[in-house]
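A.B. asks: Residue numbers (the UniProt record's numbering), protein chains in the order written: chain A, 1 to 393; chain B, 1 to 393.
A couple of the hints might just be wrong.
Note that identical chains are pooled: a pair holds if it fits in a single copy or bridges any two copies.
Below, a list of computed lysine to aspartate or glutamate pairs in the DMTMM-like style, where the Cα atoms sit at most 25 Å apart [what the hints assert, rightly or not]:
#1 K25 / D13
#2 K388 / D306
#3 K25 / D214
#4 K25 / E258
#5 K25 / D94
#6 K25 / D333
#7 K388 / D336
#8 K25 / E68
#9 K25 / D60
#10 K25 / D362
#11 K25 / E77
#12 K25 / E55
#13 K25 / E164
#14 K388 / E190
What the hints contain is simulated information worked out from the structure, not anything from laboratory work.
There are 2 protein chains.
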Amino acid sequence: MSAQVPPLSRRLDGLRSSAIRDLLKLTARADIISLAGGLPDAELMPRDRIAVAAEAALSDRSRLQYTESPGWGPLREVLAARESARLGRTVPVDEVFVTHGSQQALSLLAEVLLDPGALVIVEDPAYVGALQVFRSAGARILAVPLDSEGMRIDVLRELLASGERPAFVHTVSNFHNPGGVTMSPQRRRELAELADSHGFWVIEDDPYGELWFDRPSPDPVAAHSPNVIRLSSASKILAPTLRAGWMTAPVRVCRAVELLKQGADLCGSALTQQITADLLADTAWLGTHIDTVRTAYGERAHALVDAVRTRFGDRVTATDAAGGMFVWVDFTDGTDTQALLPQALDAGVAYVPGSAFAVSTDYSHSMRLCFTTSDAGTLREAVDRLAKAHGQV
Amino acid sequence: MSAQVPPLSRRLDGLRSSAIRDLLKLTARADIISLAGGLPDAELMPRDRIAVAAEAALSDRSRLQYTESPGWGPLREVLAARESARLGRTVPVDEVFVTHGSQQALSLLAEVLLDPGALVIVEDPAYVGALQVFRSAGARILAVPLDSEGMRIDVLRELLASGERPAFVHTVSNFHNPGGVTMSPQRRRELAELADSHGFWVIEDDPYGELWFDRPSPDPVAAHSPNVIRLSSASKILAPTLRAGWMTAPVRVCRAVELLKQGADLCGSALTQQITADLLADTAWLGTHIDTVRTAYGERAHALVDAVRTRFGDRVTATDAAGGMFVWVDFTDGTDTQALLPQALDAGVAYVPGSAFAVSTDYSHSMRLCFTTSDAGTLREAVDRLAKAHGQV
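Please model the entire structure based on the sequences and the hints provided.
C.D. replies: Right, dumping it as structure tokens:
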């Protein structure tokens, strides 16, 4: 007799792999210059410094054992000192929680903050990794568009005035993925004031804030309100392999996340957490290292934006790429970026169509370009190929 | 104006930190010999071999980058080869999925396999890390008692005959935590047959199977049915810091888990996954290493069981400790192990009362003792202290 096949949960029915992941499989051909990815450049990651830290970590056998669910103590201390400097107040260690990348913080926070059917407000276009988690948690999603100063707080204010009551508002405040823009200081204060007066959470998702090219990022939204939960990560400034993200949040949020982290995966790795602590605490080295990354990314970003503006002129608007990893391009000539993609791939260049990040708007004339993993010459060649493909549409 | 404080999700109301974790905080005093913990011995972990593997892993910059959600390819290949040998059939790589410890597999499987209100059948006493996840997922829980041959399949059969239809049955088949027993070969076949004929999943949670002292563990339940999802981990044979667990399951289960892993934390660490692959592939070294752990734990287990039987005689029954990390002791003289605990702590010894693992039965006369982190002499001293405390009750 053959075995009866058991079912899977019905909740999987609506879940699909991200369109971007599927696209990345298509664009992995050697002859394609991919501006579609979203990875930091492995060539700029501090391999040698990590190796030194790994050796030091392994000299202590306690680094081989399970560690505490909120993270290895000394890493939390280093993070508390960094966050204190960033927020302009003393952040105690028990307001710092280490997660397996920022993505785990998003996932645990969705459980901690959302009741079934709760409203989540995101930016449009949105970070798809967050959107996927909030959708999977059964949240009702509303989107507020971005402009050159970040989230349109006037639109958020209208939603609130109309009676909408979000459990939280999610924002990528610095060098938005995919939108490329940074929320202005004035809007940060306004968002914080709304969170205070209406009693909702803000999740300030900030993996890119230290990757500024010309001037430091504005004070975090979290500097202006106790209702802001701030996320960041070692992935973009050190290396994704450390899987070290962190959250700064009120103690009761950290305690609730701890309960769920125990069930989710017990704890992180004391080895990778000590490596992370070692590198973050070595402030002289870290400053030089991040400067190197900033300089390299800044050159690439400027090369890409210049090439796009030179080649496409007033048929596009492109963000300034003042930091981070992405440029957002809107075609003003009606170009459908989803329709353009096959020609672009034929011409040897890949990007992500705006529709992959769309929530309410369709962004069919937009695209996201990543500048981190190609040198300036390669980026110019990529734009040449894109222009060639565009000329054929 | 002070900020309005936003709420947390109502789903947190029923969640509490595990009683064991709270107990461990109480028993961390230097003058207490703790048999309450559940940690492998860091002194036996292969620090030097891990350091060599870490250095090798860091020679390749791609180990610094994000890795694939189902795990770093070469680790999955090593695991597929190991599982093929264990299961007596060729296990393809796409039936192997790497998780952040086995705990993450339990957590993602709860989402993949359970609809709201679904029935989960566990063993009584139960592994509390699993119980916490299943409860948090909103499952209805029924428990089947253990005896010296493991899960009472006759009781499971009665539940099925009465119309109960589990989404899955969870079992720790080898050297049960906390029960100390191993499921007999006959019951493994019967459980597999029931899974096939009734169309339910079995989660065979097997972190301890390689830690046998006298003879190898029986063939896995998964050798007898395609409906068995098998979990194991590097934590008990190598080191918890690697945070490497793995699942062997049908491809459609692995794909569903992959979708959820993307939202949960994107991916694991290519660094710790390569270290794990390196050590598991070095079969000559691994054999010697695991033999060392087996020998040490075996000596400790026998010392503990002998001391318990000598000191308490027919006032207790204790499991044989044929492998794993735990001995389960039932008092036959009516001793209430929760009531005994304060005297035991005063006498300088800690254990976990059976009630901490209870599902349907209360196990008020039982206790779990962990023998991994003390030498034989210390274990005998611990039992002396326990006898002293017991004499005072």
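A.B. asks: Each hint needs a verdict: does it hold in this structure or not?
C.D. replies: Results for each hint:
Taking CA atoms no more than 25 Å apart as the test, K25 paired with D13 passes inside one copy only; the shortest distance there is 23 Å, against 42 Å between copies. When the C-alpha separation of K388 and D306 is checked against a cutoff of 25 Å, the pair qualifies only within one copy, where the shortest distance is 17 Å, while the shortest distance between copies is 81 Å. In the homo-oligomer, the alpha carbons of K25 and D214 never lie at most 25 Å apart, since the shortest distance is 34 Å inside one protomer and 49 Å across protomers. Within a single copy, K25 and E258 get their C-alpha atoms only as close as 35 Å, which misses the 25 Å cut-off; across copies the closest is 16 Å, which meets it.
In this assembly of identical chains, the alpha carbons of K25 and D94 lie at most 25 Å apart only when taken from different copies (17 Å versus 41 Å within one copy). Neither within a single protomer nor between protomers do K25 and D333 lie at most 25 Å apart by alpha-carbon distance, with minima of 29 Å and 65 Å respectively. For a Cα distance limit of 25 Å, the shortest separation of K388 from D336 inside one copy, 15 Å, qualifies, whereas the shortest one across copies, 81 Å, does not. In this assembly of identical chains, the alpha carbons of K25 and E68 lie at most 25 Å apart only when taken from different copies (12 Å versus 37 Å within one copy).
Proximity of K25 to D60 under the C-alpha cut-off of 25 Å is restricted to the inter-copy arrangement: shortest distance 22 Å between copies versus 41 Å within a copy. When the C-alpha separation of K25 and D362 is checked against a cutoff of 25 Å, the pair qualifies only within one copy, where the shortest distance is 23 Å, while the shortest distance between copies is 53 Å. For a Cα distance limit of 25 Å, the shortest separation of K25 from E77 across copies, 21 Å, qualifies, whereas the shortest one inside one copy, 40 Å, does not. Taking the shortest Cα distances, K25 and E55 never come within 25 Å of each other, neither inside one copy (35 Å) nor across copies (30 Å).
With identical chains, the CA atoms of K25 and E164 are never at most 25 Å apart, being 39 Å at best within one copy and 44 Å at best between copies. In this homomeric assembly, K388 and E190 never come within 25 Å of each other (Cα to Cα): the closest approach is 44 Å inside a single copy and 66 Å across copies.
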